[in-house]
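Participant: Spelled out, the chains give:
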Amino acid sequence: MKSSAFQYELPEDLSSALKLLNSNDLDILPLAGGQSLMPMMNFRVAQPDILIDLNKIDSLKNITIEGDYVRIGSMVRYCELEQSEIIQKHFPLIIHVIPYIAHSAIRNRGTLGGSVSLADPAAEMPSVLITLNASIELSSSNSTRSVNAEDFFKGIFETVRKSNELVTSINIPVSSMPKKFGFYEVTRRHGDYAIAGAVVTSDNGQDNFNDTRVVLFAVSTKPMRVPKSEAALNGNNFNNQDSINEAIDAVTGNSFERDLHNDETTKETLAKVSLKRAIGGLNG
Amino acid sequence: MTGPKFSFDKPGKYIGQPTERPDTRRLLKGRGKFVDDIQLPRMLHAAFLRSPVAHAKIKSIDTSIAENIKGVVKILKGTDFIGIVEPYVGVLSHLAGLRSAPQMPLAVDTVRWQGEPVVMVIANSRAIAEDAASEIILDLEDLPAATNTEKALDKDEPVIHSEFDSNLAWERTVDVGNVDEVYARDDVVTVEKQFLFGRHTGVTLEARATIANYDPSENQLDIYYSGQAPHMMQFIYAKHLDIPEENVRVTAHDVGGAFGIKVHTYGDEIATAAAAKLMERPIKFLADRYESFMSDIHARDHVINSKMTVSKDGKILALEYDDLTGIGPFSMYPRTSAIEANQVLNLTGGPYTIPNYRANAKVVFQNKNMMCQYRAVGHPIAMALCDGLLEEAAAAINLDSVELRKRNLIPDDTYPTTSTTGMKLDDLSHQKALSKLIEMMDYEKLKKENADLKKQGMYRGIGFCSMIEVTNPSPMFYGIGGAPIASQDGATIRLDAGGGIHVASSVTEQGQGTNAVLAQVAADVFGVDMDRVQVTTGDTKTTPYGGGTWASRGAGIGGEAVYLAAEALKDQVLDVAGVMLQSKPEDLNIDNGHVIDNLSKEKRMSLADLARTVYYRGNELPSDMSPELIATRHFRVTDTPFVFTNGAMAAHVELDIETGIVKILNFWAVEDCGRVINPMLVDEQIRGGVVQGIGHALYEECLYSDDGQLLNTTLADYLVPMATEMPEIHVGHIETPTKTSVLGAKGAGEAGTGGAPACIINAVNDILRPLGVTNYQIPMTPNRLLDTLRSAKI
Chain A
20 MKSSAFQYEL
30 PEDLSSALKL
40 LNSNDLDILP
50 LAGGQSLMPM
60 MNFRVAQPDI
70 LIDLNKIDSL
80 KNITIEGDYV
90 RIGSMVRYCE
100 LEQSEIIQKH
110 FPLIIHVIPY
120 IAHSAIRNRG
130 TLGGSVSLAD
140 PAAEMPSVLI
150 TLNASIELSS
160 SNSTRSVNAE
170 DFFKGIFETV
180 RKSNELVTSI
190 NIPVSSMPKK
200 FGFYEVTRRH
210 GDYAIAGAVV
220 TSDNGQDNFN
230 DTRVVLFAVS
240 TKPMRVPKSE
250 AALNGNNFNN
260 QDSINEAIDA
270 VTGNSFERDL
280 HNDETTKETL
290 AKVSLKRAIG
300 GLNG
Chain B
1307 MTGPKFSFDK
1317 PGKYIGQPTE
1327 RPDTRRLLKG
1337 RGKFVDDIQL
1347 PRMLHAAFLR
1357 SPVAHAKIKS
1367 IDTSIAENIK
1377 GVVKILKGTD
1387 FIGIVEPYVG
1397 VLSHLAGLRS
1407 APQMPLAVDT
1417 VRWQGEPVVM
1427 VIANSRAIAE
1437 DAASEIILDL
1447 EDLPAATNTE
1457 KALDKDEPVI
1467 HSEFDSNLAW
1477 ERTVDVGNVD
1487 EVYARDDVVT
1497 VEKQFLFGRH
1507 TGVTLEARAT
1517 IANYDPSENQ
1527 LDIYYSGQAP
1537 HMMQFIYAKH
1547 LDIPEENVRV
1557 TAHDVGGAFG
1567 IKVHTYGDEI
1577 ATAAAAKLME
1587 RPIKFLADRY
1597 ESFMSDIHAR
1607 DHVINSKMTV
1617 SKDGKILALE
1627 YDDLTGIGPF
1637 SMYPRTSAIE
1647 ANQVLNLTGG
1657 PYTIPNYRAN
1667 AKVVFQNKNM
1677 MCQYRAVGHP
1687 IAMALCDGLL
1697 EEAAAAINLD
1707 SVELRKRNLI
1717 PDDTYPTTST
1727 TGMKLDDLSH
1737 QKALSKLIEM
1747 MDYEKLKKEN
1757 ADLKKQGMYR
1767 GIGFCSMIEV
1777 TNPSPMFYGI
1787 GGAPIASQDG
1797 ATIRLDAGGG
1807 IHVASSVTEQ
1817 GQGTNAVLAQ
1827 VAADVFGVDM
1837 DRVQVTTGDT
1847 KTTPYGGGTW
1857 ASRGAGIGGE
1867 AVYLAAEALK
1877 DQVLDVAGVM
1887 LQSKPEDLNI
1897 DNGHVIDNLS
1907 KEKRMSLADL
1917 ARTVYYRGNE
1927 LPSDMSPELI
1937 ATRHFRVTDT
1947 PFVFTNGAMA
1957 AHVELDIETG
1967 IVKILNFWAV
1977 EDCGRVINPM
1987 LVDEQIRGGV
1997 VQGIGHALYE
2007 ECLYSDDGQL
2017 LNTTLADYLV
2027 PMATEMPEIH
2037 VGHIETPTKT
2047 SVLGAKGAGE
2057 AGTGGAPACI
2067 INAVNDILRP
2077 LGVTNYQIPM
2087 TPNRLLDTLR
2097 SAKI
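Going line by line, the protein sequences match chains A and B. Numbering of the first sequence is given in the numbering used here, commencing with residue 20 and proceeding in unit increments. Numbering of the second sequence is given in the numbering used here, commencing with residue 1307 and proceeding in unit increments.
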């Protein structure tokens, strides 16, 4: 369980890192918190020619308010996110979900940018970012672009990021913090990859669902937004059981992916249970 | 013996006390010495290319690229070991009819399981060895794989060993009384269930590891070993590498968990030793986690069809089952892979009086990793089977299952007796244990609470198990069948010049606290403080000969040998003291490092003074006196094949019927392991065992694809029980010392693992049964429970 040999680079600033990413003919991987990449390298599932360690790039480690959005540098670690006053003030949903991500030892190293870039379908944060209408900033040495979180994730470990690009920040509009949110995931052990999970948000805190977002995770190749469930809830009272049931039923018919331990039927069942419980646990 | 005997009438200073383990400070300070901590001069590192498929002919192996990688020193194939390693066969003569094919350390012409070592790369570092292994081209011709246990004996299933007519390795039938006569009665109720026990493995913190060092000038092989049975391995290396046994030294320093995984012969370890001999250089092999999952023995893998018949007034009349066990392509050497099924046949129903019993076990070969003895060999199967059927039967006759147990447990006042399957049972306390358990858990209150909560939509259940455990085995376990496995163990204790004592014992320490227990016994019986006791275990060169640690025997057998040696040393010391102090030895005693007057308790002489006189100033002693301040004693169980222990356990669980997730709310274990030498360590053994049993019941499973690919080889995919999910495990003790030894200690290491799965399975089924369904496939995963619940009446 030793990784294959690789060239190790430790750039001190972003532009050096982006320059290093520009060799088209080599397999280059950026290293963020290393909580997934290091084991993958030791299993030789990942065998990069060059490893670009981003841990010295201070400009990627900040959480700042920039106008009407919060900018979270891609190298911000979960433990820092959790302790950030800005995040605590503006995005209680993120604060609520962080303890469900693995264990503190992993959160001490793992970064938001790393999780987003890896795009593990069982990860919590991609779905949370979709409900928060976040955008992912991608930089290369000659351009910077911003991709809506919903469009960013393409499949299992697959995103729209090009090989010469780096996720540099995750930007979330301050106004997008929903008035109400619910989160639920099913795991066999605390901190495990979820078998299924759901994030539900509503922009109205008073009586009725409004601008609802329903995103399921760990049940398909990427975060699964369920417009039919959203439609069923929108405009209806938070306690309207009929519309809630309709929203849960609307989960059926989506395409579910099995994992090693759970078949598609279980995935569907648990996606519905997660949604039901996420709605049942709405707070905020 | 001249001195006063140790008395168990009064509490000892150490025996019976929750004494802290002397080695914990060292281990917690990071000063442990595990195999990977050892660096030898000129040492090389090994990595293995393992078979990527379950069954194939080896057409060719191209190592040309790998050989040229800088830092690669040697590449060895299976054929390179022919003539170097004598093949080994995992059979024992007392398991009549057991067959297996000869094994070589690496596959020679055929690979028979995914993960079987095929090529060994030896290089200057493990990373280089892995680089080279990935450049080796294996040309394999796929053969059809036999992977389904239930089809293993079908006519059209591929036969794994061409010299055999089928994939049957062993079969045994037990038939006592007449079950058919019982079935014919019309006043009985019969319940029938299929039990499926998945494969799992023992995940040791320290993976398997070996360093082999060979010195040709003395024909000496030194093995640094992470395992349980140094003397057994000494024999195996000597025999199969053709080195005189006395020229093989096997040393185990700290061992990071073993659980039975590390008491077998693994091809990669034998190859490491053979290569060291061939190359005359030290070689280290350390399995990584991926290799551990693929090559550490797996456990269980049973398909059991069973039934139990009870009278309507609650007497168990008959038990019948067929057990099919898959063991991989070979029977493991030297313990064999038939012991598990044999234990199931021997132990099932052991706590109860069951007059009619018919069971058949078939052990079959498969193209999967090998299955062999892991903690609580056969016990979890036997206990889950009998107590699961018992719960079903209780429900069928509408009787509380605790009441059904009470009516059928072998009464405490009938020992010695014999179990239905012929096991000699003595000094057991099933009734006391069950009563204590019921009291500890407040059963009636809990039942009522469950019923009340069910009205609120909460599904809680209680599951029980009354169990027996094989401990302190005699030669009847392995030795009788020709295995190089000692059932006797020895202890040597010497008084050092400083007044402290040194204990050398042939039982071994894998993290469970054996050394502490040995020190407690030695300190108490001899009469010094524990901090004046040094213990050496795990070294074939410096300890007496013995079996090591397996089958819960460290305290019971190793502890007894220390007891006897400490008594003998005390007699020797008092003989010398008698002469030096002009007193009768029987008027003297040893306490707190001093020879004392037995009546007045007055100090007469320190042990240091005595020892220094003997060692340095022998001129002060009479010339006809030749004092010995070192004593060796051995102990083996002679009166009975095994010293059984018993226990009663219960689990309280909650099932989320929407998600299939089981939460364990509480667990209680009452254990009778005879004399408790260290209650804290016994509790740790019980709790640790229970946790592994919970892992078996809910989490752990080695999953294979139909074509024999192991699908989960990381700790992200193979779930071990974690602290967050574990309940409070309440441990209670009954002490019925065994009459087979002075100390009276039985084993405690495997009870939890043996009994916990049954409790969890039964507790979940206590919830499912009223819903019209049951599940006897473990682990009980959410996927399986949801599947079951789909046909439930909720």
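Hints listed in this document are in silico derivations from the structure and should not be mistaken for laboratory results. Each hint should be verified, as a subset may be incorrect.
Claimed, not checked - Below, in silico cross-link-like pairs of lysine-lysine (BS3-like), each with a Cα-Cα straight-line distance of 27 Å or less:
hint	chain 1	residue 1	chain 2	residue 2
1	B	Lys1457	B	Lys1761
2	B	Lys1760	A	Lys295
3	A	Lys295	B	Lys1761
Participant: Can you give the numbers of the hints that this structure goes against, from lowest to highest?
Facilitator: Hint 1 alone not satisfied by this model.
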